[in-house]
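Participant: Top line first, the protein sequences correspond to chains A and B. Following the numbering used here, the numbering of the first sequence begins with 3 at its first residue and continues without gaps. Following the numbering used here, the numbering of the second sequence begins with 110 at its first residue and continues without gaps.
Any given hint might turn out to be false.
Derived pair list, reagent style DSSO-like, types lysine-lysine, alpha-carbon separation capped at 27 angstroms [what the hints assert, rightly or not]:
(1) Lys201/B - Lys363/A
(2) Lys233/B - Lys285/B
(3) Lys338/B - Lys281/B
(4) Lys233/B - Lys338/B
(5) Lys233/B - Lys363/A
(6) Lys338/B - Lys279/B
If you're looking for bench data, these hints aren't it; they were derived computationally from the structure. Keep in mind it's a predicted model, so treat the numbers as computed, not measured.
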Amino acid sequence: MDLILGSTRRWIAGLGLMVAAGVGLSGVAAGAPLIGGFVEAAQAFRVQDNDALGGQDWDERAYPRSEYRAQVTARDGMGLGSFFLRVDLLSDAVASERTRLDVREAYLKLYLANWLDLKAGRQVATWGTGDLIFANDLFAKDWVAFFTGLDDSYLKPPQDLVRASLYLGSVTAELAASPYFTPDELPSGTRLSFYNPLMGTSVGAAQAPEVRRPPRDLAHGELFARVHGYQGSFEWAFYGYRGFWPTPQGVVPTVDGGQLVYPRLTAGGASLRGPLGPWLVNIEGAAYLSNDDPDGDDPFVANSQVRGLAGVERSLGGDVTVGVQYYGEYMLDYASYKAGFEQQDRLYDELRSTLTMRLRKMMMNQTLQLSLFAYWGVSDEDWHLRPSVSYKLTDAVGATLGANLIDGEQPHTMFGQFRDNANVYARLRYSF
Amino acid sequence: MNQNQKHAKYGILLVMATAMAVLAPVRASDSEGLELMNEAHQVYYYAGEGGQARVTMEIVDSRGRTREREFWMLRSDLADMGDQRYYTYFLKPADVRRTTFLVHKHAEGNDDRWLYIPALDLVKRIAANDRGSSFMGSHFSYEDVSGRLPLMDTHQILGQESVDGRAATKVKSTPKEAGTADYAYRLTWVCNESHLPLREEYYGDDGEVQRRFEILEVADVEGIPTAVKRSMEDVDGGGHTLLHFSELSYEPPLEAQAYNERLLKNPPREYTR
Numbered sequence: 003m004d005l006i007l008g009s010t011r012r013w014i015a016g017l018g019l020m021v022a023a024g025v026g027l028s029g030v031a032a033g034a035p036l037i038g039g040f041v042e043a044a045q046a047f048r049v050q051d052n053d054a055l056g057g058q059d060w061d062e063r064a065y066p067r068s069e070y071r072a073q074v075t076a077r078d079g080m081g082l083g084s085f086f087l088r089v090d091l092l093s094d095a096v097a098s099e100r101t102r103l104d105v106r107e108a109y110l111k112l113y114l115a116n117w118l119d120l121k122a123g124r125q126v127a128t129w130g131t132g133d134l135i136f137a138n139d140l141f142a143k144d145w146v147a148f149f150t151g152l153d154d155s156y157l158k159p160p161q162d163l164v165r166a167s168l169y170l171g172s173v174t175a176e177l178a179a180s181p182y183f184t185p186d187e188l189p190s191g192t193r194l195s196f197y198n199p200l201m202g203t204s205v206g207a208a209q210a211p212e213v214r215r216p217p218r219d220l221a222h223g224e225l226f227a228r229v230h231g232y233q234g235s236f237e238w239a240f241y242g243y244r245g246f247w248p249t250p251q252g253v254v255p256t257v258d259g260g261q262l263v264y265p266r267l268t269a270g271g272a273s274l275r276g277p278l279g280p281w282l283v284n285i286e287g288a289a290y291l292s293n294d295d296p297d298g299d300d301p302f303v304a305n306s307q308v309r310g311l312a313g314v315e316r317s318l319g320g321d322v323t324v325g326v327q328y329y330g331e332y333m334l335d336y337a338s339y340k341a342g343f344e345q346q347d348r349l350y351d352e353l354r355s356t357l358t359m360r361l362r363k364m365m366m367n368q369t370l371q372l373s374l375f376a377y378w379g380v381s382d383e384d385w386h387l388r389p390s391v392s393y394k395l396t397d398a399v400g401a402t403l404g405a406n407l408i409d410g411e412q413p414h415t416m417f418g419q420f421r422d423n424a425n426v427y428a429r430l431r432y433s434f
Numbered sequence: 110m111n112q113n114q115k116h117a118k119y120g121i122l123l124v125m126a127t128a129m130a131v132l133a134p135v136r137a138s139d140s141e142g143l144e145l146m147n148e149a150h151q152v153y154y155y156a157g158e159g160g161q162a163r164v165t166m167e168i169v170d171s172r173g174r175t176r177e178r179e180f181w182m183l184r185s186d187l188a189d190m191g192d193q194r195y196y197t198y199f200l201k202p203a204d205v206r207r208t209t210f211l212v213h214k215h216a217e218g219n220d221d222r223w224l225y226i227p228a229l230d231l232v233k234r235i236a237a238n239d240r241g242s243s244f245m246g247s248h249f250s251y252e253d254v255s256g257r258l259p260l261m262d263t264h265q266i267l268g269q270e271s272v273d274g275r276a277a278t279k280v281k282s283t284p285k286e287a288g289t290a291d292y293a294y295r296l297t298w299v300c301n302e303s304h305l306p307l308r309e310e311y312y313g314d315d316g317e318v319q320r321r322f323e324i325l326e327v328a329d330v331e332g333i334p335t336a337v338k339r340s341m342e343d344v345d346g347g348g349h350t351l352l353h354f355s356e357l358s359y360e361p362p363l364e365a366q367a368y369n370e371r372l373l374k375n376p377p378r379e380y381t382r
């Protein structure tokens, strides 16, 4: 399977390059397409021992990230359409495939009517109102990038989507469809150790559980929907999703232990965002219906949930911004979950609450930025701190120093499972 | 409202009228000052019913290091001296290229602001209670860029004083409510001919100049005198910012209703080069 995915990726990368070359050549003839990008060196260092990652060579254990990355973007427009291409070329000392091409975006935008746009191809998509927390945004996330010091923009991996936007007055209706399911990018045990629920312990690649993705066909695609509008200074939105849990929330027992799978998921929700005095306020709720276990009585499939978040943010003057959010996951049919769960000491609470805080200060004509983002898993008793310092040496060159500090009481929780993976990182980027 | 309250109200008005009559000389100058500052505000922030410009911004810090920003700025007014819509498309520096910025400016109350980050497809709403904070790292504040209503200050005409050979009226403006501005008072030299604020000086509580704004070049754009080169100097901390406007037009580029999420995500192609 991996082989097939790998070759698909190469095929797409090749296609991307051909398009880029074609565009480059045609650009010489006509008005050139707009080219941009950056080169970046990124290095992350572990700041604690990690026994689960034993068995790998020393380099891999010492550095969760060690790479050079060159990104090229190309864009142009003609007639009713425009295209955009973003390709990363990587020299990655930690991955098994050391040199690789990563097509992050390759899409066409078609302005079909003044009330209809179409965006088709590989793209990044985000919606919802949370700041690094998500209730209705069920587009894929890359948690590996997130915990190993890449820029925040890498939290969103690309997805192959056809996205239609309908404009009805000030209301926008969007429908996005993917011919196959794109799960979250989760640790595989090379850069980060993680919790293997089948073994009940933190593991590295050697003991990673077998994860089975839904087949890559139309019957296992994804559908995303949103309706968004304005009411005065407030924005409202309704969301819908049909597809799969973004992380493998199901277990299929097998002779040699089990396999993790992605159960079906249908979700719907709403959000509101706007100013309240000096505060910017957002509130969002979502219902997650676990289609493969609607009554919550299957211990091998995640129960349905209600998720909610609420946040406030404001500027304190002097280029200081502060934000606080609450995020909660309420599990339905909790009694049957509790009854059916073997490891009673690894139970999640019925209501899992998380608090976040963001502090940001910009200095020296905004060339220096100090930032701290903190998660506190109130119910899970775990936490994650993301301090960083960014400095623009010139308009083109920027340096970032930061850390991912993680700890937790238990080995199975969102952040607790990464408690042996604390790291500091440095990035240097030249943009052109 | 009953009869007694009405009488009481008239009584208060009568007292106020008497007081104003006593203070007439100052009051007259005050209302003239407000009128003049309103005109300057109109000419500087509300010329035409909207417009567009390609802006280069040169930020020189206190140690002489220079940063450059370049962006398109689009504006459409909903009403003269009322609410406005602003849209910014960034061309430079490279790491913010394609980023867009949308402002629903409210003549009263906080603005609504959104930033679109294309690499994440993220529409980020920005807390906008900070009118005094820096506009994109420059020495201009958000308030300098979007304007402070003259009604929020009292204005006193100090006399005639030319700026670089241009006849101007010098006005002292003091915030009616302390804490609504980051200056104790402001001096403005309003051009007698164009009504553009040729120079502004912002004073702190200690009576020292903190910041100095100057219009360095005025050009005729579609019959409207326009400040095409402007500077803001941080007298206190050092450093200055130069703004240069080109490809100007006062044709409203878009309808006011178009300034929404669709525009954030789909910049009109003519501005993306």
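Participant: None of the hints should be skipped; say for each whether it holds.
Facilitator: Structure-based check of all given hints:
Restraint check: the Cα-Cα separation between Lys201/B and Lys363/A comes to about 22 angstroms, which is no more than 27 angstroms; the hinted pair holds. Proximity of Lys233/B to Lys285/B is assessed by CA-CA distance (about 34 angstroms); at most 27 angstroms being required, the pair is judged violated. Between Lys338/B and Lys281/B, the direct Cα distance comes to roughly 24 angstroms. Compliance with the 27 angstroms bound is thereby established for this hinted pair. Simply put, Lys233/B and Lys338/B have alpha-carbon atoms about 31 angstroms apart, too far for the 27 angstroms limit, and the pair is violated.
Restraint check for Lys233/B and Lys363/A: satisfied, since their Cα atoms lie roughly 17 angstroms apart, inside the 27 angstroms limit. Distance restraint check for Lys338/B and Lys279/B: the Cα-Cα separation of roughly 21 angstroms lies within the 27 angstroms cut-off, and the hinted pair is therefore satisfied.
Of the numbered hints given earlier, the model fails hints 2, 4; all others are met.
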